[in-house]
Structure formats: structure tokens, C-alpha cells
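S.K.: Now for the letters of each chain:
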Amino acid sequence: MDTVYQFLQHAEEVLRGIPLVGGLLARLYHALLGGAPEWVLLAISIAVPILFVVSVFPGIFAYTTLVERKALGRIQNRIGPNRVGRWGLLQPIADGVKLLTKEDIVPRSADKFVHFLAPVAAVIPSVLLFSVVPIGAGLVPVDLNIGLLFAFAISTASVLALFMGGWASRNKFSLLGAMRAVAQVISYEVPMVLAAVAVVMAVGSLSTLAIARAQSGGILNVSHWFVFRPWGFVGFVLFTIGAMAESARTPFDIPEAESEIIAGYHTEYSGFKFALFQLGEYLASIAMAGITVTMFLGGYNGPGSGPGFFGGLISVFWFFSKLGCMIVLTIWIRGTWPRVRVDQLMSFAWKILLPMSIVNIVAVAMWHYITIRPIAWIGTTLWLVLWFVTLNKLAATEKIEKREYRYAS
Amino acid sequence: MEIAFWILSAITVMGAIMAISLRNVMHCLLSLILFFFGIAGHYFLLHAEFLGAVQILIYIGAVAVLIALATMLTRHITGEEGPREVLGGKWWAGMGTAAIIAGLLWAIIRKDALARLLPTEAANISYTALVGDIGRALVADWVVPLEAMAVLLTAALIGAVVIALEEVIRKR
Amino acid sequence: MNVSLEHYLMLTAFVFAIGLCGALSRKNAIIVLMGIEIMFNAGILNFVAFWHYKYFVSLTAQVFAIFAISIAAAESAVGLALVIAVYRHYRSVDLDEMRSLKG
Amino acid sequence: MGFIGKGLFEGMVVTARNFVGSYFDKERLVTVQYPEERVQVPENSRTFPFLVFDADKDPIGTMRCVACKICEVECPPQCIYIVMDRDEKGKPQQRPKVFDIDISVCMQCQICVEVCPFDAIKMDNNYEKSQYGRFNELVEHLPELLKSNEYYTKIKPTEATAVDAKLKADAEKKAKKAAPAAAKPAAPAPKPAAPAVPKPAPAAAPMARVAIPDDAPFTPEQRQWLSGYLAAVGGSGGTGVAPAAAAPVAGTPVAQAAEAAAAATTASAAEAPAGNWPWHDPGLGMQQRLDLAKDTSIADKLMAAMAQTDCHACGFDCRGYADAIATGAETDLSLCLPGEAETANMLKKLMQEAGKL
Numbered sequence: 005m006d007t008v009y010q011f012l013q014h015a016e017e018v019l020r021g022i023p024l025v026g027g028l029l030a031r032l033y034h035a036l037l038g039g040a041p042e043w044v045l046l047a048i049s050i051a052v053p054i055l056f057v058v059s060v061f062p063g064i065f066a067y068t069t070l071v072e073r074k075a076l077g078r079i080q081n082r083i084g085p086n087r088v089g090r091w092g093l094l095q096p097i098a099d100g101v102k103l104l105t106k107e108d109i110v111p112r113s114a115d116k117f118v119h120f121l122a123p124v125a126a127v128i129p130s131v132l133l134f135s136v137v138p139i140g141a142g143l144v145p146v147d148l149n150i151g152l153l154f155a156f157a158i159s160t161a162s163v164l165a166l167f168m169g170g171w172a173s174r175n176k177f178s179l180l181g182a183m184r185a186v187a188q189v190i191s192y193e194v195p196m197v198l199a200a201v202a203v204v205m206a207v208g209s210l211s212t213l214a215i216a217r218a219q220s221g222g223i224l225n226v227s228h229w230f231v232f233r234p235w236g237f238v239g240f241v242l243f244t245i246g247a248m249a250e251s252a253r254t255p256f257d258i259p260e261a262e263s264e265i266i267a268g269y270h271t272e273y274s275g276f277k278f279a280l281f282q283l284g285e286y287l288a289s290i291a292m293a294g295i296t297v298t299m300f301l302g303g304y305n306g307p308g309s310g311p312g313f314f315g316g317l318i319s320v321f322w323f324f325s326k327l328g329c330m331i332v333l334t335i336w337i338r339g340t341w342p343r344v345r346v347d348q349l350m351s352f353a354w355k356i357l358l359p360m361s362i363v364n365i366v367a368v369a370m371w372h373y374i375t376i377r378p379i380a381w382i383g384t385t386l387w388l389v390l391w392f393v394t395l396n397k398l399a400a401t402e403k404i405e406k407r408e409y410r411y412a413s
Numbered sequence: 418m419e420i421a422f423w424i425l426s427a428i429t430v431m432g433a434i435m436a437i438s439l440r441n442v443m444h445c446l447l448s449l450i451l452f453f454f455g456i457a458g459h460y461f462l463l464h465a466e467f468l469g470a471v472q473i474l475i476y477i478g479a480v481a482v483l484i485a486l487a488t489m490l491t492r493h494i495t496g497e498e499g500p501r502e503v504l505g506g507k508w509w510a511g512m513g514t515a516a517i518i519a520g521l522l523w524a525i526i527r528k529d530a531l532a533r534l535l536p537t538e539a540a541n542i543s544y545t546a547l548v549g550d551i552g553r554a555l556v557a558d559w560v561v562p563l564e565a566m567a568v569l570l571t572a573a574l575i576g577a578v579v580i581a582l583e584e585v586i587r588k589r
Numbered sequence: 025m026n027v028s029l030e031h032y033l034m035l036t037a038f039v040f041a042i043g044l045c046g047a048l049s050r051k052n053a054i055i056v057l058m059g060i061e062i063m064f065n066a067g068i069l070n071f072v073a074f075w076h077y078k079y080f081v082s083l084t085a086q087v088f089a090i091f092a093i094s095i096a097a098a099e100s101a102v103g104l105a106l107v108i109a110v111y112r113h114y115r116s117v118d119l120d121e122m123r124s125l126k127g
Numbered sequence: 239m240g241f242i243g244k245g246l247f248e249g250m251v252v253t254a255r256n257f258v259g260s261y262f263d264k265e266r267l268v269t270v271q272y273p274e275e276r277v278q279v280p281e282n283s284r285t286f287p288f289l290v291f292d293a294d295k296d297p298i299g300t301m302r303c304v305a306c307k308i309c310e311v312e313c314p315p316q317c318i319y320i321v322m323d324r325d326e327k328g329k330p331q332q333r334p335k336v337f338d339i340d341i342s343v344c345m346q347c348q349i350c351v352e353v354c355p356f357d358a359i360k361m362d363n364n365y366e367k368s369q370y371g372r373f374n375e376l377v378e379h380l381p382e383l384l385k386s387n388e389y390y391t392k393i394k395p396t397e398a399t400a401v402d403a404k405l406k407a408d409a410e411k412k413a414k415k416a417a418p419a420a421a422k423p424a425a426p427a428p429k430p431a432a433p434a435v436p437k438p439a440p441a442a443a444p445m446a447r448v449a450i451p452d453d454a455p456f457t458p459e460q461r462q463w464l465s466g467y468l469a470a471v472g473g474s475g476g477t478g479v480a481p482a483a484a485a486p487v488a489g490t491p492v493a494q495a496a497e498a499a500a501a502a503t504t505a506s507a508a509e510a511p512a513g514n515w516p517w518h519d520p521g522l523g524m525q526q527r528l529d530l531a532k533d534t535s536i537a538d539k540l541m542a543a544m545a546q547t548d549c550h551a552c553g554f555d556c557r558g559y560a561d562a563i564a565t566g567a568e569t570d571l572s573l574c575l576p577g578e579a580e581t582a583n584m585l586k587k588l589m590q591e592a593g594k595l
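Chains as they are written, first to last, in the working numbering: chain A, 5 to 413; chain B, 418 to 589; chain C, 25 to 127; chain D, 239 to 595.
Only chain A is shown next, with the shape it has when bound in the complex (with noise of 0.2 Å):
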């Protein structure tokens, strides 16, 4: 927002600094907005921002479903969707035209009211994550001095969403599935923080402007991510494992499992209903896949990207790249693995990545003291995977023994 701001308080002399065309670009916005007054600008400066948010990643959202159904196709050797428009392009309109006009059934017996708010409860929170992701250099909506934790806040808030929907459907499959978010989401949410934990100790602040600030420089812009930190590389593993569990994708997407309880929370939801928990649930984790962008890959920081007209816009390319190959992964991820059971997930949780999450941090804060880097990158490995053996160790000691099969050969 404050970006937008500055960007137009200067704006002409900017554009007139873009070859070819910033002659008439800045003409042309001088045109519309030359000498408008101050409110004017600090309206369109607060007016961009939730624009592009509500319009852009929406966007972001109906291509998503398009590729994920096109590269499960491909990973199944299969050709997905190609029928609506060239390569399917149109598929997403069709299917949103579908899914509007289809009847919208509410169960009898169901809460009324509940029912209706669920969808709606369930996509405020994932737009409002948007709130705190910066997608170029100083481009953030809001620069909160508490995004962080604001974000973690309000996607904690968004389990309210599926537990409502699963309980006012009066239909037992929903509420297993209402359950099971909400035992998952709490659970997951400890190590995800205490993964994120371990970048606000390196950094020193919750603003995930700084945070993506603290990335840039070194080698091209690229050797200062925090993914190629060992405590990074761990943090980057635990949060994507975390956000993935709180967005309820595959394989942790226990609580909308088609082959155990039908479709979980939205079993009972059709229509309009449905596609906002479906949008909800992807905004989710498109969010969640830009903050851990933001905090593990260097955020909007590439070659090229910096202050100024140009390498601002190069740092919106690299964070858009970034984000698509965070959902690339996750759609491969889906792809790929399989369901976990229920108790999987939650000795997993406890087991693995809880303590995992607390070493990491004790490894930011040998990171921290031991200045020389040589030694530091040294002792952390050793650290972390002193850890992640022991802790291999202490999770393999049940024995999986051969089944026995009463009645199938």
C-alpha cells in the first residue's frame, strides 16, 4: 500500500524513465491523474492492493484447479481436461458456470443459519492471509509489524469454517470430517509455528516484508535464502509438511477423505456452497505457499529484483514463479502420495516434527552465536542430523510385522 503511494506521487517521473513507451505512458497518466488531489491517491493506493488480492489470486485459484487436473492426468497417464477451449484453457469458467447453477440443497434437519455462514467463514479467513504476503520488493498490502502472527492467527481461525460446516450438516460423514480438520489443524499448527519460529529468531522481526528483506543480496540475489541454511533447509521441510496439513491437501487430507467419510465437512454442500469452500480451501493454501516462499525461498528476491520500477517488477516475476513452483510441488505431492491414516498423522505430528521443530530452533540459535561460518554451517548439520537419526530410530521401533490374512490369499 505504501508503495502504491510513493509509486504514484512519482509516478510520472518513473514511467517517463521507461524505454519506448514511457514517453506516453507517463502523458497518459498525466492525463488521468495529474495534479488529482491527495485523498484521490490514498484512495487508489488502498484500492489496488485489495483489488489485486480479490481479483488476482482468485485467478491463481481457477488455473490452479485446471493444472492440478492436468498434471494428476499426466502423472496417471491420463490427458485431463482438453475440451472446453485450447488445452482446456476455458475449463475453469465451465466449471464455475456448473457449480453456479446447480440447485443448492441444505439438509432438512441441518442448522440453517450454520450451514449458510460455514462457506463464507470458510473463505474470509484465506482471503485476508493475502493481507501479509508481500509479492515484490515493499509490494505487501498491508506491512503489518505482526504479519506473521497475524497470518498464523487467522488460518487457525479458519478451522472454525470446516468445523461449523461438518457440525450444522447433521450428517455423521461430516462430522467425522469436522472432527478430524479440527484435531489436525490444532496439532499441526504447534510445529508449523515453531518451524516459522526459527526464521523470526534469525531475523528478528515478525513483518514479512523484513523477513523477505533479511534474503536478499549475496550471489544473484539467490545465496542468502533461507532454504539453503541447514536450519532453513529442515525449516523450510517442517513448514511445508505443517501448511500442507493445515490446508488439508494430500496426503494429509484426512478430513475431506472421499474413501472414508464421503467428502468430509462438505459432504452436504452443493452449488455455490461448495465452490466457496473449495476457493476457500485453495486460497488456503496458496497463501500458505506464499508465505512459506516469503520465509524459506527468498521470497520476491531473485536475479535481477530490487528497489526501483524494474527490479520491482522482477521481483513480482520471481515471487509468482516461486509460488506456482510451490503449488507445482504440492500438486505432484497429491499426485504422488498416499492418504495417511489417522493415527499416522497425529504420532507423525508429535512424534517426528514437533521435536524436529524444537531442535531447529536451538540450530538457529547456534547459527546465531558461532560467527564463524564454516564451523557453524558444520555444527548445525551435524546437529540436525544427529537429531533426525535419533529421532528415525526412536519412531522405528515398532515393528511392522508380516500380516496375516484370515480370508484373503
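Simulated from the structure, these hints should not be mistaken for lab results.
Every residue gets a Cβ at the ideal spot worked out from N, C-alpha and C, and that includes glycine.
Here chain B is said to cover these stretches of chain A; the calculated rule only asks that three of the stretch's residues, wherever they fall, bring their Cβ under 8 Å from a Cβ of chain B: (1) 138–150; (2) 160–173; (3) 203–216.
We have chain A; now place chains B, C and D onto it with these hints.
M.R.: Chains B, C and D in isolation, oriented as in the chain A frame:
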């Protein structure tokens, strides 16, 4: 500022009243969540952003969800109450007590009794970097209470597990 | 009319009274717990209001609020565990039915 | 070297290989993009039945079906409906006028094909039968059902070739059989007339109700319906009750005509004896037909025992077959395919009763 205050106050009061007066425990819970959001809004309004986020994280993300789980574990799943208990004899007793307390507090506030005890002018400092300040305060001035809090939370965690798992433990 | 400390104090007094009323008059143990949470929140909001209007040089009020929130969380966890344990025993969460001291 | 999650990464390599491979190796993609590409269905696949005809220029004339209704009777879900074609005189034409198959009922069991003695009905392998309606749209009528033998040869070459060979062999056999028969001075030919003419009067009573004067003002359809209806009425009540059963409809033109016919028509019955027999009708069982023919000649009794569809499976029409048996020209009693074992047994019994076996 004023508009936000009045809206948030309305949300808060409405949520609180609904939370204690509705019949269905689940509706009570949802009203309570509304109330928590109202309080969090007040924190943001008072420039205590960190507290606001903590309020959402802990009260809505943890306490409300815990209450939901407890409700589902203890009652019929719809959360419906039996016969209407609101507006019974006990209700009037509660109302009376609450009204007396509220009246007393109101009287104290009206009398400006507090104002004499407090510094009249607020110091004019900037609100930035509050999170860092709170963190520093917590691990410098308040480190002993913080550690005590950690012990307390651990004890509460273990205690809760022990109480809830009592029968399981007994069976073993 | 500016919002002053008195507004907040009145609001919290009112909310506190509502919570008290709920905690005293409901039979359902879970709703009684909710009433207690409401009173807690009213108290914490009071801290923050005082901090904002009078004391924001020092962070004591905020730290205190954080401690209070933590304690409230622990209290609710233990309280709900108690409710579940009591429910296991009596098959009810109605506080009026729990008259016996014998476990 | 094992660590937690090793298998997961191996799995990701597999899926990555699938993903990339599916873009370069067309063999991997098993999808058939339906409207543009179609699966080559196996020769033995089957969907719904169709009727075969031989020559393109005259589908109706060269259709193999003779409306014998065996398939209609045998069809387990009863999805076939056949009405035999007749000329204006009501004479059967040995081809269906109506042949409907309800493909929403058809269960594709191929039993109709198995039982057809004429190789007239075969299973199609066209799977694109979807329609925009559930009722009339899913009933196939004669024009849609008729497909040429070339089509049959195209979709099922092996089977069609075998069928063609069999038909050709049958035709040759028949020609050989017919040649000596023709060489003789038309021995069975006058015979049918001989037992028919002295058709005795007692049989005239049940027959009379069926016989509708040629000058009665009916269209062929009405006539056909009427004869079937009256036969059913007469048959179900037995000979004695028949007039009473017909009485309730008195007053209607049809009934009046029938009564008029009953009053006046012994002669006309004698004129056209063969045409007056109650044709095969679900309402008319074997025993009832035999009752009707109780007092007639052995040839008539034999004919009554047959299915009377004039299907020509035996090489004759029904009348001809009955006469041939009665005269001893044909000794094989199991040739009536529509009548199945029931007819064969009954024929044997009748012949034994007549002392000819």
C-alpha cells in the same frame, strides 16, 4: 475511531449475551467466538496488535475449538438442551447479582474515582516495533514470571491429560 | 464524542456482568466455563484500555495481558478436562446434578 | 540406506517419469478421445439386435425375418414386439409389419439370435445409441432395425461368412429336395385342399366366430385385430361359452358383424378354411387350440398343435407341414421350431392316437 468502537462494542456485547443465553450449546459457542472476535477488534483499535493476534490465535484457535471438542464429547451431538432453563429462578438470581456488580462498577467509573489514582496525561510515544519491545520485556524484566508461566502451562497440559485419560489409565 | 477510557471501562463492566450472570445462572458446565471466559476477557480488555489511555510508556499491562491470556488458556484446558471427567462419571454436564462429594 | 520417507521420494520419481513421459511417449496415454477417436470393438462384442436383409434395393422384400415370433416368445425381458404383415385379404405375408425392440429393456443376452432359425436377427456392435428421451426414443422400429448383410459382414466378418455359407448350403439342400418333389406330379400340392374341403360342420361353430366376411367394412388392421380378439374370446371360454362371451360386445358394429357372420357363414368358412384358423395368439394355449380342432381331421389337429406362425422353418407353411405329416410325406415331427418340444410331443401323441406311428 468512534464508529469502530461502537460497532465492536455492539458485537462484543451481543456475542456475550447470546453466548450465555442461547439454548443450543453450539450456538453459544459460535456467539462466544463472535465475542472473542469483538475483543480482538478492540485490541487492534487500541493499537495492541500483538495482543489482538494472540487473542485470535489462542481464544479462537485453541479455546473455542477445545470447547467445541468438549461439547461434542459430552453431549448429544446437536448440542440441544433439554427443557428451557433460561428465565428460571436461578436466572433471576444471576441477573440480580450481575446487575449489582455492574452498578457498583458503573458508580466507581462515574465517580471518577479512578482518575485521581492515575496519571492524567499520556506520554506521547510511537507505536512501532511493539512486538520487539514486548519480547524484550518478556525475557528481560519478566523472565521469572515467564518461566513460571511455562511451568504452569506444562503442569496444566499434563493435568488435563491425566484428568481426561483417567479411565484409560485406571484400566491399564 | 471521543472514545475515552470511561467508555472502555463501562463496556468491560457490562461484559463482565454478562459473563457473571451466565456463570451464575446456567446449569450447563460448559456454558459456565464460557461465562468465566467472558469475564476473563473483560478483565484483559480493561488492562489494555488502561495501557492505551494512561500507561503506554511501560509495557507492563501488555505483558500482564499476555500472562492472563495464557492462564485463561490453561484454565480452560483444565476446566474442560474436568468437565469431560465429570461427564464420564455422572453422564451429565448439569451442575445441579452434582451434589455428592463422593467420587 | 533407509530413512523415513525414502519410498515417498521414489514414488515422486515414478510420477515425475509418468508426467514427462506422457508428453513424449504416446504409448503411455491410454485415453481414447472419443468423438474423434473410437475404440475398435472386438468382433464378438455385442450391443443390441438388428434385422438382416440381403439386397440393398429391396430391404423389406429381402429381409430374412418371417415374423415367426420365436424371438418375441423367447426374449427374457420381453422387449420384442412383432406383428406379422398381411395383405388385404388377411393372408399372412411372412414378414413383419411391425418389429419393435425396446432397447431400454433389452438386456443384450443374444437369446433372440440363438433361437432364430433364419439367421434374421443378429447382434449389432454399435454402442452409440443414446437418445434425448427415455420413452419412444428408445424403441427401435423396423426401419432402424433393418441393416444389410454387407453391414453385418463388415462388423462381424467371421460370423457373417459362416452364416452366409450355412444359408447357401440350406438353399441348395432345399433346391435339391424341391427338384424331385417338383418332378413328381405335385403330390402334396393338391393334398392340402383335399382334407380342407370336407371340413366338418361341428368345427364351423368356433370357426364361424372368427370368420369375418370379406365384404365387412374393415381395414386390414381392424380385421386382424378382430380375428385375434374373437379367437381369444372364443378360445378362453371354450366352445360352449363362446357365444355368451361374445354377447357383451353386442351392439358394437364389430360384434354385429361377427354375429351376422356367425349366422350366415358356414359356407364361407368352407370356402376359405385355411385362413380361418385362429392364429398363434398368447391368449390361446395349445390345449384350447386342440379343443377347437377336436372333431376335425388329423391334419387339422396336427396343425392346431403347431405354433402356426407360418415361419417356414420346416420348409412348409403350417398347413403344408400338417398335411405332409398327415399324408406321410414328411416323417420328421420335430421341425416346428416355434412350437418347441411341446409341439413335437403333441404331434407325436396325435400321430400315435391316429394310429399312424
